[in-house]
Amino acid sequence: MPETVMDSLTLSHFLMTGAVLFCLGLIGFITRRNLIIMFLCTEMMFQGVAVSLVAFSRFHLNDTGQTFVIFVLTIAAAEAALALGLVVLLFRRKRTLDALVWSQLSG
Amino acid sequence: MPIELIKLIPWIPLLGAALCGICCMKPAWRKAAGPISVLSIFIPFLITCGVYSAASGLQGDDKIQTIYQWMGVGNFTVNMGYYVDSLTMVMLFVITGIGSLIATYAMGYMKGERGYARFFMGVSLFIFAMTTLVMADNLVLIYLGWEGVGLCSYLLIGYYYDKPEAVAAAKKAFIVNRIGDLGFALGIFLTYKAYGSVSLHTVVDKAIEFLNDPNYTATTADLWIPFLLMLGAFGKSAQIPLYVWLPDAMAGPTPVSALVHAATMVTAGVYMIARLIPVFQLSPYALPTVAAVGGVTALFAGTIALCQYDLKKVFAYSTVSQLGYMFLGVGALSTFGGIFHLFTHAFFKALLFLTAGSVMHALAGQLDLRAMSGLRHKMPVTCWLMFAGCLALAGFPFTAGFFSKDTILAETLIVGMEGNGLFTLLALIGLLTAFLTAFYTFRLWFRVFMGPEHFEMGDDHGHGGDDSHDDHGHAHEPHEMPWWPMNAPLAVLAFGAIFGGLIFSGWMSGSIETSTANPIAIHAVDTHAQTDPGYSIIQVASDTSGHGSEADAAHGDEHHTLMGMDVHTAMMLISGFIALLGIGCAAYFHWLNRPLTDEIAKKFGVVVEVLYNKYYVDEFYDAVIVKPLRMLGHGFFLFDQFVINGLVITVGYLPRLVGWSVQPTQSGKMQGYGLGMVLGVAVAALLVFKWAF
Amino acid sequence: MNLLLLLTIFPILSALPLMLPIKAFDCRKTVWSYALLSTLVTFVFSLVAAFKFDFANSGQMQFVDSVRWVESFGLTFGFGIDSISLWLVLLTTFLMPIIILGSLTAVNMRIREFYFWLIVLETFMIGTFVATDIIFFYVCFELTLVPLYILIGVFGSDNRLRAAKIFFLYTFTGSMLTFAGVMYVAYINVVNTGIWSFDIQTLYVAAATMSGTEQAWVLGALLAGFAVKVPLFPVHTWLPLAHTEAPTAGSVILAGVLLKLGTYGLLRFALPMCPEAVVEYAWLIGVFAVLGVLVTALICWVQTDVKKLIAYSSVSHLGFCVLGLFALDADDTGAVGSVMYMINHGLSTGALFLCVGMIYERFHTRDMAKMSGLGRVIPVWATFTVFFVLASVGLPGLNGFVGEVLTLIGAFLSPTQVLGYEYAAFAGIGMILAAIYLLYMVGKVIFGPVLVPEVHTDDGGHELKDLNTREIATLLPLAAGCLILGMLPNGMLVSLKAPVSQLTAPARFVANTNPLDTDTASIEPGLRLVLDAPGSAPGLTPDISSGIDLAINQSTPTETADRAAER
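Residue numbers (my numbering), protein chains in the order written: chain U, 1 to 107; chain G, 108 to 800; chain C, 801 to 1367.
For reference, chain U alone in the conformation it holds in the complex:
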């Protein structure tokens, strides 16, 4: 039975899941102003891509995709540490997590 369930799931199901995750993250990134939430949203987009990669790996029956995912996770971890550090620094500067206060690039 689990096998049949698995059998009925095609590659596109996994890709759809990845895409949905990615889009949720994207929409969250664009619409939210809290720095931490925005950061979490980018993590969500990462995971969406990771799901797709794993799915491709299974589909092509080779390890490339999964290798990439391991890389991505590792880097994401390192980056999360840096990013949260930065967020803390930014918070200390303005005592708020609102992204709108950081708009020096305004032309």
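Honestly, the hints are just simulated from the structure, not real lab data. Check the hints yourself; a few may be wrong.
Straight-line Cα separation of at most 27 Å, DSSO-like style, residue types lysine-lysine; simulated pairs [to be verified]:
| # | chain 1 | residue 1 | chain 2 | residue 2 |
| --- | --- | --- | --- | --- |
| 1 | C | Lys1108 | G | Lys734 |
| 2 | C | Lys965 | C | Lys1108 |
| 3 | G | Lys170 | G | Lys300 |
| 4 | C | Lys1244 | G | Lys734 |
| 5 | G | Lys170 | G | Lys114 |
| 6 | G | Lys300 | G | Lys313 |
| 7 | C | Lys823 | C | Lys852 |
| 8 | G | Lys133 | G | Lys218 |
| 9 | G | Lys420 | G | Lys710 |
| 10 | G | Lys138 | G | Lys218 |
| 11 | G | Lys420 | G | Lys734 |
| 12 | G | Lys270 | C | Lys965 |
| 13 | C | Lys1265 | G | Lys270 |
| 14 | G | Lys218 | G | Lys270 |
| 15 | G | Lys270 | G | Lys138 |
| 16 | C | Lys1265 | C | Lys1108 |
| 17 | C | Lys1170 | C | Lys1108 |
| 18 | C | Lys1244 | G | Lys270 |
| 19 | C | Lys1265 | G | Lys133 |
| 20 | C | Lys1244 | G | Lys420 |
| 21 | G | Lys734 | C | Lys1170 |
| 22 | G | Lys709 | G | Lys420 |
| 23 | U | Lys94 | G | Lys776 |
| 24 | C | Lys1265 | G | Lys138 |
Ranges of calculated distance between the beta carbons of each label pair, as one might list FRET restraints [unchecked claim]:
| # | chain 1 | residue 1 | chain 2 | residue 2 | range |
| --- | --- | --- | --- | --- | --- |
| 25 | G | Val765 | U | Thr31 | 26 to 32 Å |
| 26 | U | Arg58 | G | Gly775 | 41 to 47 Å |
| 27 | G | Ala328 | C | Met801 | 27 to 33 Å |
| 28 | U | Thr31 | G | Gln773 | 18 to 24 Å |
| 29 | C | Thr1165 | U | Phe91 | 58 to 64 Å |
No residue lacks a Cβ here, since even glycine has one placed at the ideal position from N, Cα and C.
Given the structure of chain U, go ahead and fit chains G and C onto it with the hints provided.
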């Protein structure tokens, strides 16, 4: 002496100029400049004498003495080379001979001046340029000398450079000369285009060939070349319309006026036309134009000279007028007359200027005729030296000026009698001018030296203001000049002015005949009834086969008689009478009955005013040429600053405009950038899909 | 090591220590001596190059070598010199020590940086002239902007930032278009051969296959950069501003060498690459050149700032240069004269800028109304200035005349479908105007009653001193150069003939082909290849040579000398 020595002639003065330049550096050395300069002119004179016999015997290609190649691009080659024929030798005698005399005089005249060494450097440099000019074997080298003498003239006129009028005069001289030089340069280019060469002998030989070829028709280039070259000659030799610089050039020291602006430089134009006479003959209108301009200038300048009060200005206008005679002579194909007059004029005009300089020196810079009278007792030697010069200039019988002027007038009249009305008119103008010349010359002399003694000292602007005139310092009395180094050279000049005509006439005509200045013979005009006077020259030229051998015929034309005599003899009688008449009138009006003169002058006040102001030509040029050009300059500057630069700045603002228009997209909000990125990726993806599938 | 490579990179290498923290360089004199030594050594290298140069084959590229860069794209730094490049390199290396000699007291702050950028600039200028690879040329061409931008922007006078900005943007914009044009020719080459190459000779071959329209576009692109650099009349407005604001050293380099990059580029690229377009549009370029001569000469006349006057006179003078380049007369009189003119203008105008700089150092003003009669108070300076003014006016016997007369003769003899005598006649009026404005300046500043502005000396004194030994030593070599090139120009002219002929041969061929007889667009590309390739001109077949002046192509110095000897 070996003929090769002639190559040294221009370079010795150049070396002299360099040495004088070194002398400028230390005050102690400055005194050496005068002798160096005189030597650097006198040695070439000796060389000229030494090589004369060798030089006049040169034939064919031997006449060309090349030192090295100056420029060469393809076919356009210009050598630093000299063309030595008898005309060159005549000019060299004039330049180095009279040059050394004037430089000797200047040693005394300029003594104690602040720029003593600078002055002699200019003089030596001038002799370099002038000898180069008359020796050059090609047109570009002539141009080097041509501009070189212009430069020296600029530097020497501007000698008293803290006087604004001297600076202005110097500038004017250089620029007006440059206008002529442009014509000359374009003439050279066109000559090169038409003849494929700039070397004199090639050009002249080809022109002679064309003249002797009955089937040859003059091309456009042939018509234009003489007119372009003529413009250069008119600029350098101060003819209408470019004469305006010469009177102003009198702001320079007097020896410069004598050397540069009377004896040598200003005659360069006459020399050039004489040198290239076959080229001028090719164009039927060229020589009549030269003659007409010469004749009109002679009269025009002569009238102005009547009413000038500045001693040197009178002589300056007289120089313009005499140069007009020379052009008249050359234009009437009497190169002999033109060059002969150049030769004699060099003597007497140099003498006149230098004696005027002596007067000016004695009166501490006073030049106004009204401020001097009866000086004959104070400076007797100067008085009679100037008298000799005046006689020659007035054309008193058997003086030098008498012979040369008569030759010109007679030859002009002969051309006129051959059916060319223009030349008859010009001969009459020449006679009228001869009367004016005699009158204004002696007006000056009688005013200065005759009558009651009276003088006002000048304020010595003309002299550097240095107080070292010890030996003949500025006492409050006019005084005679010392014999050495001032009056002795003048005596030599005076001798030439009185006897030069008798002595050198034969030598001169022989010299002209054996040079390129020898016109292609004209005779038997009466067999051709010419409707167009201008064409007679070219037509007749093509009728004669040889040249040179028939040249005698050109000078002594036995077909024409006047009052039952040979034209030349008749002309001598007429002009001798006219000269005497002029002197007589001058004696009456300016010596014996001065009050009457003033009354007459008052009656014709307007005429006097116009003549005194030189027909307002300077004002006219200023208003019509100088001012508009300067306005144009201002206009262009504004145009440049605002229109052109404005356009550039506007173009520069375009990127900024684009920037402004897209500026709102850069909100500084992270979400905005994110959205932009997403949309961008989406569009890119869509495009890729559309392209790929 | 290849001599040219050494010559090119030596300056930049020797400049590096100036930026290191070396204590000794804190002293003005030490930096100055070091810079002087460096440029003198470079000058010696260039003299060695000139000495080893085979003048009998002056049309051949010599000392040819290349340094690899990105070979798959044909990017190499190829270099070599023919006599055109050699003379221009010599001009550069000759001017540099003089400029540094003259700058001892001109700069008072950031002295190290000043000399650093000057010497770096030398590398790029030499690089431009020795490049046989168009990318190498272009890189150096653009990189000259950077040091000069800094020299003007940091060391200039009051309005320096604006001047530096305009100078940079103006010339940079133009040369971007030039780059596009060059890339197009390179692209044609790829299409033809399938290989990327930026070697100039290869690109000549490629350019020969372009149609008339393509040539016109490429010519336009090349002109966009080079005409701005020259500068040709309507696009000259950056120059007076840059000159007035630049320090003396910058002005001298700008007038002496950098403007020549424009004319050099036109000669090296525009003429051989787009011959048909050149012949077709020469009249237009000629009109602008003549307009430039006349209009800017009149503008000179109304200037009150001495430096601005000389800056405008540069525009006027370079008009002659361009006119000569596009004359295309059968003997190449115009183009040879034009190259000569480049050298001459570098000497005489550079010297005039130095002279102006010397009085600016003394008076801190350049206003003609404020000074007069300086000949009386500083006679040595006055003598030199008058001398260089005369060289600039084109007095025969000094260098200016030779270039002027040759370019004008070239224009005068130019085939009627290219230029013609009208151009020479109108440009000739520029000779009169040059005399007017320069003598106007001399009359105001040097002659007349004495009027001296307030004097500022280095040690705070107010005593006016004439030129010192160092300043005389600065001007004397330039004066000697003017005199020697004026009296003995023939060596240079003879050596220039062969390379110039090669570069103008295609355009001359088109110009001398009657357009009614032959459709110029359909000339066999191969024919132009034969003409273009250096040294292969004798390979022309007899039937073709009837249309071309073969004798000129091959005329060697010895042959010219023979011809002279026949006289």
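Each hint tested on the structure:
Distance check on the hinted pair: Lys1108(C) and Lys734(G) sit about 22 Å apart at the alpha-carbon level, within 27 Å; holds. For a cut-off of 27 Å, the pair hint linking Lys965(C) to Lys1108(C) stands: about 18 Å separates their Cα positions. Distance restraint check for Lys170(G) and Lys300(G): the Cα-Cα separation of roughly 25 Å lies within the 27 Å cut-off, and the hinted pair is therefore satisfied. At roughly 18 Å between alpha-carbon atoms, Lys1244(C) and Lys734(G) fall within 27 Å of each other, so this suggested pair holds.
Restraint check for Lys170(G) and Lys114(G): satisfied, since their Cα atoms lie roughly 12 Å apart, inside the 27 Å limit. For a cut-off of 27 Å, the pair hint linking Lys300(G) to Lys313(G) stands: about 13 Å separates their Cα positions. With a CA separation close to 39 Å, the supplied pair Lys823(C) and Lys852(C) exceeds the 27 Å bound. For the given pair, Lys133(G) sits about 16 Å from Lys218(G) by alpha-carbon distance, which is consistent with the 27 Å threshold.
Annotation: proposed proximity of Lys420(G) to Lys710(G) holds, straight-line Cα distance about 24 Å (limit 27 Å). Between Lys138(G) and Lys218(G) the alpha-carbon distance is near 9 Å, which keeps this suggested pair within the 27 Å criterion. A hinted pair counts as satisfied when its Cα atoms are at most 27 Å apart, and Lys420(G) with Lys734(G) qualifies at roughly 26 Å. The straight-line distance between the Cα atoms of Lys270(G) and Lys965(C) is roughly 44 Å, outside the 27 Å bound, and the hint therefore fails.
Proximity of Lys1265(C) to Lys270(G) is assessed by CA-CA distance (about 23 Å); at most 27 Å being required, the pair is judged to hold. Pair hint Lys218(G) plus Lys270(G) holds up; C-alpha atoms about 20 Å apart against a cutoff of 27 Å. A C-alpha spacing of about 24 Å is found between Lys270(G) and Lys138(G), which places the hinted pair at or below 27 Å, so the restraint holds. Under the criterion of a C-alpha separation no larger than 27 Å, the hint pairing Lys1265(C) with Lys1108(C) is consistent with the structure, at around 24 Å.
Simply put, Lys1170(C) and Lys1108(C) have alpha-carbon atoms about 15 Å apart, close enough for the 27 Å limit, and the pair holds. The suggested pairing of Lys1244(C) with Lys270(G) holds, with an alpha-carbon distance near 12 Å, which does not exceed 27 Å. Proximity of Lys1265(C) to Lys133(G) is assessed by CA-CA distance (about 17 Å); at most 27 Å being required, the pair is judged to hold. Between Lys1244(C) and Lys420(G), the direct Cα distance comes to roughly 26 Å. Compliance with the 27 Å bound is thereby established for this hinted pair.
The straight-line distance between the Cα atoms of Lys734(G) and Lys1170(C) is roughly 23 Å, inside the 27 Å bound, and the hint therefore holds. Simply put, Lys709(G) and Lys420(G) have alpha-carbon atoms about 22 Å apart, close enough for the 27 Å limit, and the pair holds. Note on Lys94(U) and Lys776(G): the hinted pairing holds, with a Cα-Cα distance of about 16 Å set against a maximum of 27 Å. For the hint pairing Lys1265(C) with Lys138(G), the CA-to-CA distance comes to about 25 Å; that is within 27 Å, so the pair holds.
For the pair Val765(G) and Thr31(U), the supplied restraint of 26 to 32 Å holds, since their beta-carbon distance comes to about 31 Å. At about 43 Å, the CB distance of Arg58(U) to Gly775(G) agrees with the hint of 41 to 47 Å. Between Ala328(G) and Met801(C) the beta carbon distance is about 57 Å. The supplied range of 27 to 33 Å is therefore violated. In this structure the hint that Thr31(U) and Gln773(G) lie 18 to 24 Å apart at CB holds, the actual value being about 20 Å.
Distance hint for Thr1165(C) and Phe91(U): a CB-CB separation of about 59 Å, consistent with the stated range 58 to 64 Å.
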